[in-house]
Amino acid sequence: MIVVARAYLGLILVFLYAPIIVMGVMSLNASEFYALPFDFSTEWYERLFANEEVLAASWRSVWIALVVATVATTLGTMASLALWRHDFPGKRILQALLFPPIAVPWLIIGTAMLVFFFGIGLGRGTPAVVLGHVALALPYVIITVTARMQSFDRALDEAARSLGARSWTVARKVILPYASPGIIAGWLFAFAVSFDQFVVSYFLAEPGDSTLPVLIYTAIRKGFTPEINAIATIIIAVSMTLMIVAARFARFGGTR
Amino acid sequence: MTRAERIRALGLLAPAYLWLTVAVFLPLSAMAFFSLLTEVPFGEREWSFTIANYTEVFGNPVYATLLWKSLKLGFWVTFWCLVLGFPCAWILARMLKGRSREVLFLLVILPFWSNALVRIFSWAIVLRGNGVLDRAVNAVLPWDVNINLMFSEPAIIIGLVHSYLPYVILTTYLSLQAIDETLIEAARSLGARWPRILWRLVLPLALPGLIAGAVLVFVPVVGSFMEPRLLGGRFGTTYGTLIEDQFVAVFNWPLGAALSFILLAVVLVILAAASPALRKAAT
Amino acid sequence: MKTILTPAALALMTPMALADEIRVLNWQGYGTDLDWAIAAFTEATGHTVVHEYFTSEQEMLTKLRTNPGAYDVVLINSAFTPQAQAEGLITPIDPMKVPNLADVDPALVANQDLNPGGALYGVPWTWGLTSFAVNTGDFPEAPTSLSVFWDPAFKGRVSIRDDALEAVQFAALATGQNINDITDMDAVKAKLTELMPQIATFWGAETDWNQNMAAGQFAVATYWSGSAARSISEGLPVAFVVPEEGAIGWLDGLSIPASSTKQDAAHAFIDWMIDPDFYVKWEAEGAPATSNTAAAAALPEESFNRKVLGDPAVVARVQFMRPVADETREAYLALWQELKAGQ
Numbered sequence: 001m002i003v004v005a006r007a008y009l010g011l012i013l014v015f016l017y018a019p020i021i022v023m024g025v026m027s028l029n030a031s032e033f034y035a036l037p038f039d040f041s042t043e044w045y046e047r048l049f050a051n052e053e054v055l056a057a058s059w060r061s062v063w064i065a066l067v068v069a070t071v072a073t074t075l076g077t078m079a080s081l082a083l084w085r086h087d088f089p090g091k092r093i094l095q096a097l098l099f100p101p102i103a104v105p106w107l108i109i110g111t112a113m114l115v116f117f118f119g120i121g122l123g124r125g126t127p128a129v130v131l132g133h134v135a136l137a138l139p140y141v142i143i144t145v146t147a148r149m150q151s152f153d154r155a156l157d158e159a160a161r162s163l164g165a166r167s168w169t170v171a172r173k174v175i176l177p178y179a180s181p182g183i184i185a186g187w188l189f190a191f192a193v194s195f196d197q198f199v200v201s202y203f204l205a206e207p208g209d210s211t212l213p214v215l216i217y218t219a220i221r222k223g224f225t226p227e228i229n230a231i232a233t234i235i236i237a238v239s240m241t242l243m244i245v246a247a248r249f250a251r252f253g254g255t256r
Numbered sequence: 001m002t003r004a005e006r007i008r009a010l011g012l013l014a015p016a017y018l019w020l021t022v023a024v025f026l027p028l029s030a031m032a033f034f035s036l037l038t039e040v041p042f043g044e045r046e047w048s049f050t051i052a053n054y055t056e057v058f059g060n061p062v063y064a065t066l067l068w069k070s071l072k073l074g075f076w077v078t079f080w081c082l083v084l085g086f087p088c089a090w091i092l093a094r095m096l097k098g099r100s101r102e103v104l105f106l107l108v109i110l111p112f113w114s115n116a117l118v119r120i121f122s123w124a125i126v127l128r129g130n131g132v133l134d135r136a137v138n139a140v141l142p143w144d145v146n147i148n149l150m151f152s153e154p155a156i157i158i159g160l161v162h163s164y165l166p167y168v169i170l171t172t173y174l175s176l177q178a179i180d181e182t183l184i185e186a187a188r189s190l191g192a193r194w195p196r197i198l199w200r201l202v203l204p205l206a207l208p209g210l211i212a213g214a215v216l217v218f219v220p221v222v223g224s225f226m227e228p229r230l231l232g233g234r235f236g237t238t239y240g241t242l243i244e245d246q247f248v249a250v251f252n253w254p255l256g257a258a259l260s261f262i263l264l265a266v267v268l269v270i271l272a273a274a275s276p277a278l279r280k281a282a283t
Numbered sequence: 001m002k003t004i005l006t007p008a009a010l011a012l013m014t015p016m017a018l019a020d021e022i023r024v025l026n027w028q029g030y031g032t033d034l035d036w037a038i039a040a041f042t043e044a045t046g047h048t049v050v051h052e053y054f055t056s057e058q059e060m061l062t063k064l065r066t067n068p069g070a071y072d073v074v075l076i077n078s079a080f081t082p083q084a085q086a087e088g089l090i091t092p093i094d095p096m097k098v099p100n101l102a103d104v105d106p107a108l109v110a111n112q113d114l115n116p117g118g119a120l121y122g123v124p125w126t127w128g129l130t131s132f133a134v135n136t137g138d139f140p141e142a143p144t145s146l147s148v149f150w151d152p153a154f155k156g157r158v159s160i161r162d163d164a165l166e167a168v169q170f171a172a173l174a175t176g177q178n179i180n181d182i183t184d185m186d187a188v189k190a191k192l193t194e195l196m197p198q199i200a201t202f203w204g205a206e207t208d209w210n211q212n213m214a215a216g217q218f219a220v221a222t223y224w225s226g227s228a229a230r231s232i233s234e235g236l237p238v239a240f241v242v243p244e245e246g247a248i249g250w251l252d253g254l255s256i257p258a259s260s261t262k263q264d265a266a267h268a269f270i271d272w273m274i275d276p277d278f279y280v281k282w283e284a285e286g287a288p289a290t291s292n293t294a295a296a297a298a299l300p301e302e303s304f305n306r307k308v309l310g311d312p313a314v315v316a317r318v319q320f321m322r323p324v325a326d327e328t329r330e331a332y333l334a335l336w337q338e339l340k341a342g343q
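Residue numbers (this note's numbering), protein chains in the order written: chain A, 1 to 256; chain B, 1 to 283; chain C, 1 to 343.
Since the hints were made in silico from the structure, they are not lab data.
Watch out, some of these pointers could steer you wrong.
What the hints assert, rightly or not - According to the in silico footprint, chain A covers these stretches of chain B (three or more CB under 8 Å from chain A):
id : segment
1  : 16-26
2  : 194-205
3  : 220-230
Claimed, not checked - When the alpha-carbon atoms are kept at most 20 Å apart in a straight line, the in silico DMTMM-like pairs for lysine to aspartate or glutamate are as follows:
id : chain 1 : residue 1 : chain 2 : residue 2
4  : A       : K173      : A       : D153
5  : C       : K262      : A       : D153
6  : A       : K91       : B       : D134
7  : C       : K281      : C       : D35
8  : C       : K281      : C       : E302
9  : C       : K307      : C       : E194
10 : C       : K155      : C       : E194
11 : B       : K69       : C       : E301
12 : B       : K72       : C       : E338
13 : C       : K281      : C       : D103
14 : B       : K97       : B       : D180
15 : C       : K281      : C       : E301
16 : C       : K155      : B       : E56
17 : C       : K189      : C       : E327
18 : C       : K262      : A       : D209
19 : C       : K97       : C       : E338
20 : C       : K189      : C       : E330
21 : C       : K262      : C       : D105
22 : B       : K97       : B       : E185
23 : C       : K97       : C       : E87
24 : A       : K173      : B       : E5
Here the structure is a predicted model, which is why all the values come from computation and not from measurement.
Virtual Cβ for every residue (Gly too), placed ideally from N, Cα, C.
Take these sequences, add in the hints, and give me the full structure.
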């Protein structure tokens, strides 16, 4: 039985990794037209590091993701601590309001943002992209931090307070340290959401200032060279490393 | 809650929710407004209110055909994600232990963090005639076969299942893990066979996770446009590509807004139908 | 001493002092984005060039509408120039800033579609054909008729571009009609309905066209003459065909968006693009036909554009695209959407 199970899991892994491996391998294939058979070449990596457009878009994506992750984590942590610590009417509604940014298709949210930002005169551009990304990342942060706080022993909070500690001191000395793995995981989540975000960026990014996923989409539709495979391979390596780090903090899959 | 506490809670909550209002809730309302206009109200364009965008959508069978096609696509992708994902989650949650489980779990979730577009494009290289799959199968089989799945409906489904399978595995895994081992033991000691245990005991208990996963797959797939465009060829026109075209190419934003809004309504109905199960899954 | 030095110093300084980054909106791989051409332009003028691409004229117009100020030079098919002008998207060209205009064929400069409202809104740059190319592996001998698109032997290996206007005009050619005055839309619809099951995918740009041809995914696909020349020079096994039914002719102009803030640099770039030196080098890599008579005269005898487009029998079969009225365009779009949705 366990043999069958392992074989099945192996097949699923082959399915999941086949295109990723192909992508990496093709970044080392000489043919511009992705023609087979394979012919080894590092040309595309060399071309990539000379391609200012791709590099500029990559850096733009990185710093947008850094800004987004930091803003979303700050606002999200504040909100989730308030949601966790206090009970008040309307709390369930506030919690429910976190779902639309996750559950409504990004196509709808992206087009709605485009329409609205044009309507208020903000238009397209990096500010619009950051505004949109933070909104998409916020629920992930709030959910992650809240999940972490669920295991917090409230008696600790009360003990500290009964000893006369002020609320802010309790937050700084007791709650925040406890929440920190959740906050870090939330930050990484937010970073990933922003960095890989295509749909919303696609509608909000300004021409000439596009982010990497948008550049990749236009490249795929309008002319694609293995340079894109090269940058994507590098990104996968980086984001998988990030993910492994995040997993260590959030302990996905571990026993609860 | 004292007055001071209330103010503090408000101060903590306000920034996040203000942000969500400006970037999500107001835009969604603005879209509802736009969908009722004749022209986008920028610059010197003349505009007025109309329901023509909606009558156009409901009057022209093309839109209904595409919506139906996207819903069907959502159904099949969800179906395959559940069929493939459930055993996978079962093995991870109930058959593996310790370190090998952690490692395999991470391996299943990791592809999710690679660029979705490039993954889809890589499928193109795998699936097309004389591509990787074709060559691999021909290298194994003694006779010649010609496999060219590119530019077909199966290609779209394969690409989308690949993109969304980890969702289902993750949610199902969580609900399977919560099942008490003694329940299954008890059922077995009472002489129940595996199919019966699976059907009467495991499935109902795993249902919240399965439904949560299904919703997480179905909703974005119904609105997908880039995967069908890249993998589907002439079959790649969906409700999503239609909306994309209105915004990116044709510049009929009011019609695009109406199409988006109708999709939103459909999605909300589906979410509402699934919400009892979702609430169960969340706790 | 001072009086001699100052103008010289100014001449040296000016390009650097006024160096702008201009943004060009064009099809991918269509001349303006050639690395060597941009490098030479930057060296000569100090201006740098950034590109943005579109896959249809509709998309190009929407990009202009929704991104004011984002572009400085835009390539517009002359059939769309009047529409862009009517919407106030582009500004008249100042001929004084485009010295090479003197060498451009006067008939093209006076082209009515490039002069909406009596002023020159697009500098005629290139012209060519939309016809089709075949994979020589499947066609040792090039076909002479559009009917290959409907040949069951090539089912699933046919491609056209995802563009309502082009699809309809293509079907008009196949049904023996005037592409600018299609009277029998039913015939067009029937012809396209028959074509759909043959199609593998819709191509969007030269690169994906080339990739699909190289992979053998396409046997026969619509294509532009200049792009075909380029694919052939890159070694793809393809042949360009101008069938007996005729081909769609187009004239592309370079225009300047009304919202551009770098008009001088934009004019300089356009002048650079119609320069014979640039064209002759471009032609060697594969290019559409030039508007510049001096450049055309400088081409070698064996060049693609002399051989294919220089043949009077070919030119006689070409129908040049004219502007299309809004209602007509919408009718084409509705038909095309219906056909695609039915798949």
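Checklist entry - Which of the listed hints are broken here? => result 2, 5, 6, 9, 11, 16, 19, 21 and 23
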